[in-house]
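Undergrad: Got chain U sorted already, so can you dock chain H onto it with the hints?
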Amino acid sequence: MSPGGSTVEGSVESTVECTATRAEVEAFYADQFALLDGGHVDAWVATFADGATFETPTLSARGHAEIARLTRQGVEARARAGVVHRHLFTALTLQEGGDGVGTTARTYVLVVGSDGAATTIVVSSVCTDRMVRLDGRLLVAARVVQVDGR
Amino acid sequence: MTVVPDQVRELLAVQCQAIDRGDFKEYGRTFAVDAVFDNRAAGAVLTGREQIGASAVRHAAARRAQGAVLRHYMFGTGLAGPVRDGIAEVTSTTLIVCSTAAGVAPLAVLSCRDRIALADGPPRVLHRLVDVVGPPPGPTAPRA
Numbered sequence: 001m002s003p004g005g006s007t008v009e010g011s012v013e014s015t016v017e018c019t020a021t022r023a024e025v026e027a028f029y030a031d032q033f034a035l036l037d038g039g040h041v042d043a044w045v046a047t048f049a050d051g052a053t054f055e056t057p058t059l060s061a062r063g064h065a066e067i068a069r070l071t072r073q074g075v076e077a078r079a080r081a082g083v084v085h086r087h088l089f090t091a092l093t094l095q096e097g098g099d100g101v102g103t104t105a106r107t108y109v110l111v112v113g114s115d116g117a118a119t120t121i122v123v124s125s126v127c128t129d130r131m132v133r134l135d136g137r138l139l140v141a142a143r144v145v146q147v148d149g150r
Numbered sequence: 001m002t003v004v005p006d007q008v009r010e011l012l013a014v015q016c017q018a019i020d021r022g023d024f025k026e027y028g029r030t031f032a033v034d035a036v037f038d039n040r041a042a043g044a045v046l047t048g049r050e051q052i053g054a055s056a057v058r059h060a061a062a063r064r065a066q067g068a069v070l071r072h073y074m075f076g077t078g079l080a081g082p083v084r085d086g087i088a089e090v091t092s093t094t095l096i097v098c099s100t101a102a103g104v105a106p107l108a109v110l111s112c113r114d115r116i117a118l119a120d121g122p123p124r125v126l127h128r129l130v131d132v133v134g135p136p137p138g139p140t141a142p143r144a
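Chains U and H supply the protein sequences, listed in that same order.
Residues in the first sequence are numbered from 1 upward in steps of one, following this note's numbering.
Residues in the second sequence are numbered from 1 upward in steps of one, following this note's numbering.
Quick caveat, the hints were computed from the structure, so don't treat them as lab data.
Note that CB positions come from ideal geometry on N, CA and C, so glycine has one too.
What follows is a set of in silico ranges between Cβ atoms, one per label pair, in the way DEER data are often shown:
no. : chain 1 : residue 1 : chain 2 : residue 2 : range
1   : U       : 83        : H       : 102       : 14 to 22 Å
2   : H       : 101       : U       : 74        : 18 to 26 Å
3   : H       : 55        : U       : 83        : 33 to 41 Å
4   : U       : 136       : H       : 62        : 46 to 54 Å
5   : H       : 50        : U       : 79        : 47 to 55 Å
6   : H       : 6         : U       : 42        : 30 to 38 Å
7   : H       : 44        : U       : 38        : 39 to 47 Å
8   : U       : 74        : H       : 86        : 45 to 53 Å
9   : H       : 101       : U       : 116       : 26 to 34 Å
10  : U       : 135       : H       : 33        : 44 to 52 Å
Derived, one-sided and incomplete: chain H residues facing chain U with beta-carbon distance under 7 Å:
no. : residue
11  : 6
12  : 13
13  : 14
14  : 16
15  : 17
16  : 69
17  : 71
18  : 73
19  : 74
20  : 97
21  : 99
22  : 100
23  : 101
24  : 104
Chain H on its own, in the form it takes in the complex:
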């Protein structure tokens, strides 16, 4: 088994926390300037750090309007192969959980495949492919 470098784990953790707390400047910095985000779950291909950040801003505004807090729980992070030329191919699964004053519920389960640059500067995502896993999740659990 190939061990996932700490740089990769840290990058993905920082990215999840940044988007969930609405820090889009930090979120954008986790992508390369010319990164490509192929979001098959949403049927959109975003090109470049600015477009990726702008898309996140729009989604966050919609969530805030609904009074919802989203968390990206990323599990099962692994390497698809050995790191070559400073680039890691990383796979993971993300459970998105939505919380409101009324309750908490799973929103979606996504598969994620990233090409991450580990050399020549801070770690950053060069390419991301996201797709939906399985059927829509179940109902909201009421607050205890």
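Bound-form chain U, shown alone:
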């Protein structure tokens, strides 16, 4: 979970609300987490809307450049340590908002890490996303990650 209409001139505020199906959001998360776990930072960041916000208990980022910088730091640190992360998501619920709010997706995310010798649970968390649509494509406009135990 490192650090969703159509967008006009790069503003999340000008996105058009979207309605997303469960299958669509599940496919979105499968692709998005695979990009992150594969270290494809630029493609991962492109799944966020311009001006998107990303908040965790320990960091806060806004916009593609900032989200990319923080994500790349994590990807590079894991590569140096020889650790591979996998993000597993379950318990997805969707809530349609009112005018201009769009779909809010809430899902559990379990991060598992492996260094080749041992596999451990790194983080148990809840990810809440406001989704928007740009040219038919789902994007995250705002993500809040709640990490259990912190």
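TA: Below, chain H alone, put in the same frame as chain U:
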């Protein structure tokens, strides 16, 4: 392969989130009024929505006393057969993860078999059979 109806996936997701955040009213609503919860992992058979909810409340109080947050990660949800007469037989596996300020660890892996009513009202669990899968999970991983 038979596709699991979205209603079932939504019901189970709502149920996991409700029990984990301590919303026992919503958790109880995911069961039929006269539902049966055969919890072989705990050696208990609970009958009725109220008893099922009360049991969840007791467990939650014990967790809070320990400063622990539990998450029910449900995987591998599938249909045991075609939906008949508005009732789905659903199987799944649940990994329960326990987080504290000290770390995060798997607590148990459970197999779950549900009879879920999809007709005549909102989807709800009529019968649940839960059992433990495999040996106790490994040690707690320290916080990074």
